[in-house]
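Per my numbering, the sequence shown starts with residue 286, numbered consecutively.
Because the hints were derived from the structure by calculation, they are not lab data.
Just to be clear, a hint being listed does not mean it is correct.
Computed cross-link-like contacts, EDC-like style, restricted to lysine to aspartate or glutamate with a CA-CA straight-line distance of at most 20 Å [to be verified]:
#, residue 1, residue 2
1, Lys552, Asp542
2, Lys510, Glu471
3, Lys480, Asp381
4, Lys443, Glu321
5, Lys515, Glu470
6, Lys535, Asp406
7, Lys552, Glu303
8, Lys443, Glu471
9, Lys393, Asp367
10, Lys480, Glu417
11, Lys443, Glu470
12, Lys552, Asp492
13, Lys443, Glu387
14, Lys510, Glu470
15, Lys443, Asp392
16, Lys448, Glu471
17, Lys393, Glu470
18, Lys535, Asp492
19, Lys426, Asp479
20, Lys480, Glu387
21, Lys515, Glu471
22, Lys349, Asp331
23, Lys480, Asp392
24, Lys535, Glu417
25, Lys443, Asp479
26, Lys349, Glu302
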Amino acid sequence: MNKNKRVSIVIPVYNEEERLGACLHAIAAQTVEPFEVIVVDNNSTDNTAAVARLYPFVAVLQEKRQGVVYARTTGFNAASGDIIGRIDADTVLAPDWVESLEQIFSDKGVDAVSGAITYHDLPNRQLFGKVELFFRSRIAKKMGDEVFLYGANMAIRKSAWRKARPHLCNAGGMHEDFDLAIHAEEAGAHVVFDKSLRADVSLRRFDTNIRDFWQYALLNPRTYKLHGRKSQRAMYTVIFLVLAFYWALKIMHRGYDTETGRFSWQKVFASTVPRVNPATFVD
286 MNKNKRVSIV IPVYNEEERL GACLHAIAAQ TVEPFEVIVV DNNSTDNTAA
336 VARLYPFVAV LQEKRQGVVY ARTTGFNAAS GDIIGRIDAD TVLAPDWVES
386 LEQIFSDKGV DAVSGAITYH DLPNRQLFGK VELFFRSRIA KKMGDEVFLY
436 GANMAIRKSA WRKARPHLCN AGGMHEDFDL AIHAEEAGAH VVFDKSLRAD
486 VSLRRFDTNI RDFWQYALLN PRTYKLHGRK SQRAMYTVIF LVLAFYWALK
536 IMHRGYDTET GRFSWQKVFA STVPRVNPAT FVD
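Let's have the full structure, built from the sequences with the hints guiding it.
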């Protein structure tokens with residue numbers, strides 16, 4: 286990759302061999318090359334690390350402490366760029382993602398940013414992307430100075446990361462990206478939402494039973510509550526709205542074939558292996 290660029294991209298991974306290739310392919314197709322790409326393997330038992338090593342521009346690190354919070358921190362500490370981009374293995378970046386980051390951070394008043402998302406494994410994704418953007422924008426506006434960071438599509442200045450790092454909570458039962466946003470803001474960082482920073486992600490978080498999904502969703506307000514923040518109230522409306530459409534979204538996700546772009550009831554009832562919740566899988 287071109288070493289004249291300022292953006293490092295960090296991807297924490299755990300058993301992501303099926304998703305990681307598309308993620309890295311999208312990085313390779315960026316209009317502006319990132320400074321470096323770091324994949325942090327968090328004890329994968331499949332071929333995740335082997336997939337990452339197929340891409341010459343990727344540096345693969347190992348993090349033995351189990352939990353995305355540890356993998357995230359290892360990657361951020363190793364990053365050499367001025368801007369540390371963070372995505373997930375199921376993230377497929379827009380071609381201008383790095384270019385957009387450089388433009389956003391040309392404003393010296395911005396220290397961290399999250400962007401807009403669409404879902405690449407859901408029919409009518411553009412429509413759902415607009416709905417997602419509407420609610421995400423409203424939440425960001427309502428939260429004011431306590432804007433969240435979304436780990437599948439975010440970036441932070443290295444200087445802001447270093448200031449927030451000593452205060453971060455290395456624990457399960459909360460969202461580590463929200464925790465980072467809270468402590469970065471407490472350290473004086475200006476966290477923003479910018480819809481020009483675009484990425485596709487998976488709706489696979491719905492591919493679990495409703496009890497587990499409910500517990501996952503409650504981590505949103507719980508993270509802010511544990512930090513004594515008023516922003517927890519902004520999350521409840523969205524949680525109940527998402528839960529109201531839980532079954533419809535789960536069925537659409539499970540039945541959608543990304544290769545053909547068609548819906549199949551056969552896929553809806555096919556057996557799948559439940560995904561480990563990275564927010565709670567911590568030693």
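Now for the hints, and whether the structure bears them out:
1. For the hint pairing Lys552 with Asp542, the CA-to-CA distance comes to about 8 Å; that is within 20 Å, so the pair holds.
2. A distance of roughly 15 Å separates the Cα atoms of Lys510 and Glu471; the hinted pair therefore holds under the 20 Å criterion.
3. Between Lys480 and Asp381 the alpha-carbon distance is near 13 Å, which keeps this suggested pair within the 20 Å criterion.
4. Of the pairs offered as hints, the one joining Lys443 and Glu321 holds, with about 14 Å between alpha carbons and a cut-off of 20 Å not exceeded.
5. Distance restraint check for Lys515 and Glu470: the Cα-Cα separation of roughly 14 Å lies within the 20 Å cut-off, and the hinted pair is therefore satisfied.
6. For the suggested pair Lys535 and Asp406, the alpha carbons sit about 11 Å apart, so the restraint of at most 20 Å is met.
7. Taken as a hint, the Lys552 and Glu303 pair is honoured in the structure, with Cα atoms around 17 Å apart against an allowance of 20 Å.
8. Taken as a hint, the Lys443 and Glu471 pair is honoured in the structure, with Cα atoms around 16 Å apart against an allowance of 20 Å.
9. Of the pairs offered as hints, the one joining Lys393 and Asp367 holds, with about 12 Å between alpha carbons and a cut-off of 20 Å not exceeded.
10. In summary, the hint linking Lys480 to Glu417 is supported, as the alpha carbons are separated by about 11 Å, within the 20 Å threshold.
11. With a C-alpha separation of about 14 Å, the suggested pairing of Lys443 with Glu470 holds against the 20 Å cut-off.
12. For the given pair, Lys552 sits about 12 Å from Asp492 by alpha-carbon distance, which is consistent with the 20 Å threshold.
13. Restraint check for Lys443 and Glu387: satisfied, since their Cα atoms lie roughly 14 Å apart, inside the 20 Å limit.
14. Between Lys510 and Glu470, the direct Cα distance comes to roughly 16 Å. Compliance with the 20 Å bound is thereby established for this hinted pair.
15. Distance restraint check for Lys443 and Asp392: the Cα-Cα separation of roughly 15 Å lies within the 20 Å cut-off, and the hinted pair is therefore satisfied.
16. The suggested pairing of Lys448 with Glu471 holds, with an alpha-carbon distance near 9 Å, which does not exceed 20 Å.
17. A threshold of 20 Å between alpha carbons decides the hint, and for Lys393 with Glu470 the separation of about 15 Å falls inside it, so the pair holds.
18. A hinted pair counts as satisfied when its Cα atoms are at most 20 Å apart, and Lys535 with Asp492 qualifies at roughly 6 Å.
19. Between Lys426 and Asp479 the CA atoms are separated by roughly 11 Å; this keeps the pair inside 20 Å, and the hint holds.
20. Between Lys480 and Glu387 the CA atoms are separated by roughly 14 Å; this keeps the pair inside 20 Å, and the hint holds.
21. The hinted pair formed by Lys515 and Glu471 meets the criterion: a straight-line CA distance of about 14 Å does not exceed 20 Å.
22. Straight-line distance between C-alpha atoms of Lys349 and Asp331 comes to about 15 Å, which keeps the hinted pair within the 20 Å bound.
23. Between the alpha carbons of Lys480 and Asp392 the distance comes to roughly 15 Å, so the proposed pair stays at or under 20 Å and holds.
24. Using a Cα cut-off of 20 Å, the hinted pair Lys535 and Glu417 holds, with the two alpha carbons roughly 16 Å apart.
25. Between the alpha carbons of Lys443 and Asp479 the distance comes to roughly 19 Å, so the proposed pair stays at or under 20 Å and holds.
26. The straight-line distance between the Cα atoms of Lys349 and Glu302 is roughly 18 Å, inside the 20 Å bound, and the hint therefore holds.
Taken one by one, the earlier hints all hold for this structure without exception.
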